[in-house]
Amino acid sequence: MKTIYTDLLCVGAGLAGERVAVEAAQAGHSVICLSIVPARRSHSSAAQGGMQAALGNSIMGEGDNPDIHFEDTVKGSDWGADQEVARMFTEAAPIEMRRLAHWGVPWNRIVPGEQTYYKGGKPFTAVEKEENEGLIHSRAFGGTAKWRTCYAADGTGHSVLYTLDNKIAELGVEVHDKVEAISLIHDGKHCYGAIVRCLKTGELSKYIAKATLIATGGFGRIYRNSTNAVINDGGGTIIALDTGVVPLANMEAIQFHPTGIVPTDILVTEGCRGDGGTLLDKDKHRFMPDYEPDKAELASRDVVSRRMTEHMAKGKGVESPYGTHLWLDIRHLGEKHIKTKLREVEEICNYFLGVDPITELIPVRPTQHYCMGGIRTNKDGATYGLKGLFSAGEAACWDMHGFNRLGGNSLSETVVAGGIVGDKIVEFLDKFTGEVSTKAADKAYKKATEKVEKLLAEAGQSGGESVYAIREEMFDILEQAAFIYRNGKDLEQAVEKLQALLKKSEGIKLLSNGKGASPEMALAIKMQGMIKLAQCVCYGALKRTESRGSHTREDFPERNDQVWLNRTLATWKEGEYLPTLSYEEASPYYEMPPGERGYGDGKIIQADLDKLPKKPTKSKKSKAGE
Amino acid sequence: MARMLTFNIFRFNPQDEGSKPKMQTFKIEETDSMTLFIALHKIREEQDPSLMFDFCCRAGICGACGMIINGRPELACHTKTKDLPKVTTLMPLPVFKLVGDLSVDTGTWFRQMYQNSESWIHTNKEFDPNAPEERMSNETANAIYDLDRCIECGCCVASCGTARMRPEFMAPAGLMRVARFMVDPRDQRDSEDFYEIIGSDEGVFGCMGLLACEDTCPKDLPLQDQLGYLRKKMGITAIKHLIPGRKG
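Going down the list, the sequences are from chains A and B.
Take the first sequence: its letter number 136 is residue 135 in numbering that gives the first Met the number 0, and every next letter is one higher.
Take the second sequence: its letter number 204 is residue 203 in numbering that gives the first Met the number 0, and every next letter is one higher.
Please note that a few of the clues may not be correct.
Capping the alpha-carbon separation at 27 Å, the derived lysine-lysine pairs in DSS-like fashion look like this [what the hints assert, rightly or not]:
#  : chain 1 : residue 1 : chain 2 : residue 2
1  : A       : LYS340    : B       : LYS79
2  : A       : LYS281    : B       : LYS81
3  : B       : LYS41     : A       : LYS503
4  : B       : LYS26     : A       : LYS508
5  : A       : LYS340    : B       : LYS239
6  : B       : LYS81     : A       : LYS283
7  : A       : LYS335    : B       : LYS218
8  : A       : LYS508    : B       : LYS19
9  : B       : LYS19     : A       : LYS453
10 : B       : LYS79     : A       : LYS338
Label pairs and their in silico Cβ distance ranges [claimed, not checked]:
#  : chain 1 : residue 1 : chain 2 : residue 2 : range
11 : B       : ASP31     : A       : LYS610    : 52 to 62 Å
12 : B       : GLU138    : A       : PHE431    : 43 to 53 Å
13 : B       : THR24     : A       : GLY314    : 32 to 42 Å
14 : A       : GLU595    : B       : LYS96     : 52 to 62 Å
15 : B       : ASN69     : A       : ASP355    : 15 to 25 Å
16 : B       : LEU209    : A       : GLU573    : 58 to 68 Å
17 : B       : ILE235    : A       : THR339    : 31 to 41 Å
18 : A       : ILE604    : B       : GLU138    : 46 to 56 Å
19 : A       : ASP289    : B       : LYS96     : 25 to 35 Å
20 : A       : TYR582    : B       : THR24     : 51 to 61 Å
21 : A       : LYS430    : B       : ALA237    : 46 to 56 Å
22 : B       : GLN223    : A       : ASP289    : 48 to 58 Å
23 : A       : THR339    : B       : ASN69     : 25 to 35 Å
24 : A       : THR339    : B       : ASP31     : 23 to 33 Å
I should point out that these hints are in silico values taken from the structure, not numbers from a laboratory.
Here the structure is a predicted model, which means the values were calculated and not measured.
For every residue, glycine included, the Cβ atom is placed at its ideal position computed from N, Cα and C.
Construct the complete structure from the given sequences, taking the supplied hints into account.
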């Protein structure tokens, strides 16, 4: 058994984890990053689109500023966001993009003169200004008033992650990969690191730290169909929930995407529909105009996903060995258009499906995409409940996304939040005078060892539950009740079934011997945690009797600001079968009072605006000298 | 009628004293649009939960799933079974340390490579948060990006004759990394500095020019061109060292 000491332990080495690590290392603190996979394979690398930041360099982004970015973000969140945090984010984002440029990101740059761009699939020309030549460029993304998304060709996440991991190498930060944190070391008040399982040998170690950051990304893989990498199964979220004192927030806020390919749920871009692609059912009938006569396939992401689900529920889906799906048809766009403007789609279809979209239909279905919820933190990234425990990125509910995040805002959040939270962790470490509790570490290590040893001892015994079968049951329950459309009846059943499943999962026994890197062991260790996350989603969704952002209740179609302008908090006490829910105000103040989003056609039950907390006015002193 | 596919898979768990290296055969029925990602998970979940392999993004972006598929290093996630014969042999990548079965430790190898190639921007400029970004032509940005697309899957390393024989060789991935920083104007290193890193048999002069790396790179990186360019550039630097009276 190894015991390793460090000032800061970053659990997760994607963009958020590494950005925090850079901040701490530059301030002279020792840092170790843990990663399930070699750091550069983290799911951040898969984000192709870009990062929103109001630089306003490009002609289509002209006049942009953090105020407009703030408004887009709050509207996008359906007023679920913490507005103080959204403000901090939009103000800091432009500087962060420039910092990344300094560190080596090859952002695309402005080329002056007349350029051809596309909007809604149609080309148009615009003239980029001479004086902006060579500044960071931006592209369009949904739900934004300006073209604001900074990008590096079709691999923004990849390029930024490689740049940050280079920075980590330069600074000498240790990265331990193929390891997984399986529990946190804490005494109910402070967190002092984690118990870590090596995914090469199966060995457990203690990592003792003054500060611990969880930056393990989302938990999309509790769903059967998800665009997320297979590693995004909520490991970091689970160990926070397992402490019994750290609340998760807005777990019911899950974003879905209409067009994941079947079977692997890799995304094909909305550009397909933007450019004129259509959705067909099993009879090759174009069904979207039946539901949405005006916008058809071009209705918002939420709406298209919902209608697809509805249509499949009517028995109009195509049956396949991988479940029911629909067709995306882009054949009529022609070879030239597909090979130039939709090249990425053509590649994905050919590489991963063996389907040629020029002559064949693409099998698609709505699929889980992003978790707005996660480990609740304050604006400094500090979790509630345990001192010394921080979180950032998709793992965290910081909370700038509320109930719906905008494309390009989540990738941007990883580095912007990483910088801000990293700075606060440095402050925390600088002031740290206490002792780390080795007693708590011994206790956590003993508990984790017992769990693993029990699984090893019972491996191969008959009469146990298969971890893969249990996971399938969890998938079924979530798909049934906590997908795009939700209702009280289904959710009540799901909550009951998940309680029973959690009980049943206590009888999990390994089919293999579980020795060494055993993938079955890795799943068995966290399976109960995954069921708990699923329960937080379902129970939160059941109790939230309104529709807000991505949370859509058929039985409560209105956004209810009178009752639900708040954030769900879920903690899980040891031995319980349900989380304990409580609620907090969505935002400390409402710089932008709740109103219409300007898209979607949701009805609103208005709050009494006079009673909402207002933004504190700036004192005259702070304005002096301006 | 769907095909019955046969997979001969290398099996060995170094952590299990009872395990001996062997080949094991699995059979599964082919389904539409099946990839090795689908097939291997099916085998693990339905036939043998101890089977070790690596996938992450399963979309050809992260580089986790490099393995030897019927004798060639490839990404398993974008290998479609319909392009495979009825019998397929799967082996772990060589050069990298074996974790178990098809899973290897690429992380340790690449992290050492970052240190050997000093894989970061070398500059004495400080970042100024109040200043606009330094300008760069879009052409330069694209040229950097083109060499920055390596996903560290290890296919080029596994297919490199020199890397197989000499563990200290930087291998194509390491040399490409240096090339990426050579085209980046933000990096202040000059030819002499790069010569220190790759101007030896562990570096660019160790390449035998077999160029299997070019053939196996799943991202179609311009390995052949870049290796040629580096050799020429470093060759010139080496000759300069021979000119009398010149420092360095």
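Fill in: Ascending list of hint numbers which this structure does not respect
Violated hints: 5, 19; rest satisfied.
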